[in-house]
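Chemist: Residues per chain are reported as follows:
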Amino acid sequence: MAQVVLKNVKKSFGAVEVIKGVDLTIESGEFCVFVGPSGCGKSTLLRMISGLEEQTSGTIEIDGKDVSNAEPSKRGIAMVFQSYALYPHLTVRDNIGFGLSLARTPKPEIKRRVEETAEILQLGPLLDRKPKELSGGQRQRVAIGRSIVRNPKVFLFDEPLSNLDAALRSQMRIELTDLHANLGTTMIYVTHDQVEAMTMADKIVVLNGGVIEQVGSPMDLYERPATPFVAGFIGSPKMNLYEGKVAEAMGCATYGIRPEHVVISDAEGQWTGRVRHVERLGADTIVHLEVPDLGPLVARVEGSRTFEPGQQVKATPMAEREFRH
Amino acid sequence: MTRRQLITGLISLACAFVIFVIPFIFVFINASKSAAETARLSFALPQEWRFWQNLVEVVQARDYQLLLAYFNSIVITVGAITLLVIFGAMVGYVLQRRKSGWNKVIYGFVLAGLMMPPAVVPTIWVLQGLGLFKTLHGMILIQVAYGLGFCILLFRAFVSTIPRDLDEAAIVDGAKPWQVFFRVILPLMKPVTVTVIVVQSITIFNDFTHPLYYLPGKENVTVQLTLYNFQSQFVSQLNLLFMNILLVTIPPLLVFIFFNRQIVAGMTAGGVKG
Amino acid sequence: MRKRSPYPYWFVLPAAVIFTVLFLVPTIASFWFSLTNWDLFDASFIGFENYQQFFSEPFLLRGVVNTLFFAVLTSGAKTVLGLLLAVLLTSGMFAQGLQRSIVFFPVLVSTIGVGLLFTELMHPTEGVINLALGAVGIPGPGWLTNPKLALFSVAMVDIWRGVGLATLIYIAGLASISPDYYEAARIDGATRLQQFWRVTVPLVRPATTTVIILSLIGGLRLFDLIWAMTRGGPGFASDVLASVVYKQYQAGFYGLSTAGNVILFLLIAVLVVPLAFRFYRKEVDQ
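Protein chains in written order, with the numbering used here: chain A, 1 to 325; chain B, 1 to 274; chain C, 1 to 286.
Derived by calculation from the structure, the hints in this document are not laboratory data. Nothing false has been slipped in among the hints.
Quick list of the computed label-pair ranges, beta carbon to beta carbon:
#1 C/Ser5 to A/Ala166: 37 to 45 Å
#2 B/Ser236 to C/Val136: 24 to 32 Å
#3 B/Leu253 to C/Glu126: 21 to 29 Å
#4 C/Ala190 to A/Thr199: 53 to 61 Å
#5 B/Gln60 to C/Ser56: 45 to 53 Å
#6 C/Val87 to B/Ile74: 35 to 43 Å
#7 A/Pro292 to C/Ile187: 46 to 54 Å
#8 C/Ser5 to B/Gln60: 54 to 62 Å
#9 A/Glu302 to C/Ile187: 52 to 60 Å
#10 B/Gly217 to C/Trp32: 26 to 34 Å
#11 C/Leu88 to B/Val75: 36 to 44 Å
#12 A/Thr25 to C/Leu203: 56 to 64 Å
#13 C/Phe41 to B/Ile25: 49 to 57 Å
#14 C/Val87 to B/Leu253: 22 to 30 Å
No residue lacks a Cβ here, since even glycine has one placed at the ideal position from N, Cα and C.
Using the sequences and the hints given, assemble the complete structure.
Modeler: Below you can see the structure in the form of structure tokens.
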């Protein structure tokens with residue numbers, strides 16, 4: 001259980017500044033997700049917390065201690081890698097116990113702790129296999145086991161689910177959330193997938209171009225995005241965003257409305273548009289409209305409603321849900 | 001297989017047999033003859049098979065010099081290979097993982113070591129200064145110095161196939177740099193290590209030139225030196241000379257049969273890149 | 001810098017020490033000693049006298065010329081034969097794998113063994129080669145005893161011994177050419193010969209470069225085969241730089257011997273290094 005505090009952390013690779021001054025506090029026991037497009041610096045930030053990457057300036061505190069200059073193994077962190085990074089030549093047992101054996105933990109204790117960990121993750125029958133004999137989900141669990149066994153104060157996850165297929169991914173999301181609930185340890189999780197961020201996080205940190213765009217709970221970010229970037233990044237399908245003349249007409253620099261907050265009717269509405277394309281998802285239907293006043297507009301309606309391409313319809317934004325910036 | 005492929009195959013096999021195999025058969029036949037018979041160097045089968053007697057005679061020649069030579073050659077080969085694998089792998093690893101201005105310098109030396117002829121007499125001068133001239137230790141270190149370039153290139157290429165995440169996972173697990181290398185990286189390099197061992201052991205075992213310069217003296221003979229020296233001794237006993245040639249041909253043949261794949265991998269490394 | 005890299009430079013240290021002491025130091029020292037009259041204990045500076053001697057004494061100059069001739073001849077032959085054999089040995093013919101092994105095996109055999117064996121096979125009156133030629137009515141020459149032929153004969157044996165490596169490298173090179181190119185060429189109506197010249201030869205070039213580099217270096221530095229077969233004879237007819245270096249060392253002319261070494265060093269530096277650096281640069285820049 002530990003708080004993580006970043007103070008004015010910066011990182012440059014040569015002349016390129018990839019992290020442009022980040023101040024952030026992650027509370028003890030929080031599940032914090034760093035999310036953003038590729039190249040936004042989220043992984044670099046995580047690697048600086050782990051100590052694998054050295055910050056150019058600023059300080060990092062874990063559990064009240066300044067660890068800016070500490071070795072990764074001295075920071076009380078554990079990390080799960082995107083590739084899992086399981087040692088191919090070691091059995092599951094030795095993979096999980098590797099760190100303990102490096103720390104010269106007595107053999108009986110290693111055995112006990114490895115088996116406890118295996119118990120938590122239901123890895124018991126797999127302990128004597130090699131990583132190449134495991135399925136993707138099992139490898140994932142071993143990688144997590146290798147972190148748990150060290151009793152870290154903070155867990156770091158670097159896109160751990162991106163190598164799994166969709167079904168397994170949603171199952172692992174639930175397992176990770178349960179794990180967090182059971183252990184109650186601070187967890188920092190990096191992903192480019194806003195669905196993962198929304199479903200798992202207590203706190204989301206949206207990064208873009210090396211700066212924090214917004215920090216908040218998932219619903220905070222959904223309902224009250226601070227910037228057009230966050231508005232567009234969180235939520236699926238993406239929020240309809242307009243700049244320039246369209247937005248000026250609305251009295252702001254950027255105007256946005258989420259597809260699920262557009263009401264479509266045949267009779268009357270604020271905008272008139274023509275249906276260009278219909279995606280039927282079953283429960284929902286996504287309607288792509290061409291609105292002369294706006295440009296393209298996407299709306300999400302109930303799956304039971306039907307539209308034909310070319311059809312003229314009226315669209316109205318829900319007033320209290322509009323985004324103005 | 002088409003008829004045409006069968007016919008070309010048979011013709012070409014016949015040619016390959018005449019050009020490449022018959023010389024070895026010649027060695028075998030003449031190694032089995034009596035001295036008088038071999039003097040005629042004919043291809044005829046021996047009238048009396050003396051294979052075993054000739055073998056015993058060669059081994060016993062000059063106070064069992066051949067056994068001493070095998071012992072020395074094996075000591076040099078095993079010693080040099082042990083150092084080459086460990087030191088070469090360490091350099092290949094750092095060279096691949098750490099990008100810096102020094103890399104080009106190190107590369108320059110690696111290529112120089114691969115291509116440039118060693119300056120023999122000044123090397124003798126250095127060895128004498130260190131008290132290593134005419135010693136097996138000195139010979140081992142020489143073979144290490146001359147073989148490093150090849151090993152480093154092979155190990156470096158292999159390290160690039162090991163994901164960096166593994167190093168980092170080990171670092172987070174608390175491994176020191178040497179533990180990352182010896183407990184994670186080195187065990188994973190087994191395939192390329194086998195290749196290095198096989199190719200270098202053949203090279204070092206077959207080396208004649210460098211022992212000739214740096215390891216003179218009767219007590220230090222190596223297999224190749226013995227073979228060469230026997231040439232003058234066996235002028236009238238060519239059967240024994242052929243037996244000796246046969247004896248140095250068999251070890252590489254065995255290695256070739258068992259490690260064909262690794263030899264091919266090692267010998268062609270770098271050949272198809274670019 | 002606070003934290004140490006996980007890839008410390010002391011990993012390079014053991015290799016660097018051995019390489020520096022036993023390779024670099026002697027190499028650098030050789031430039032100095034080649035300018036001296038040297039007996040391993042005292043070296044007196046005599047300027048370029050050793051080099052002058054090298055290029056004025058016919059038997060020393062012969063070594064330089066022979067070295068170049070030998071290297072160019074063997075490396076040319078290995079390149080051409082290697083490519084042809086590789087094409088043949090990838091054509092899917094009968095007993096292909098066995099034949100690859102047969103062609104390659106001599107590469108692994110002791111050079112001294114090969115040298116002594118062929119010395120007997122090339123014996124002018126009793127050697128198998130001349131007996132075979134005699135049987136079909138051709139009088140065999142004195143392969144190693146005729147001064148005009150000796151170096152050429154050794155070169156033949158070197159090609160016999162080394163063509164397997166060239167073939168192996170070419171086979172690997174051919175395997176990396178996608179069959180799509182040949183299919184496209186066939187659709188364009190290319191004959192087999194055209195496919196060879198227009199597709200195979202240009203696309204197998206990295207392998208060609210490797211074969212040329214390796215065989216040039218091997219040819220320029222060759223010592224053991226010459227020594228086992230002719231010792232540079234008859235007379236000085238088949239002397240190459242490496243055998244001259246050894247002879248002068250044996251005779252106690254250490255300065256002169258080292259000058260020969262430096263000349264060999266420079267030959268490789270001029271002929272091979274530019275080729276090799278261009279080839280390996282891609283790898284260095286990765």
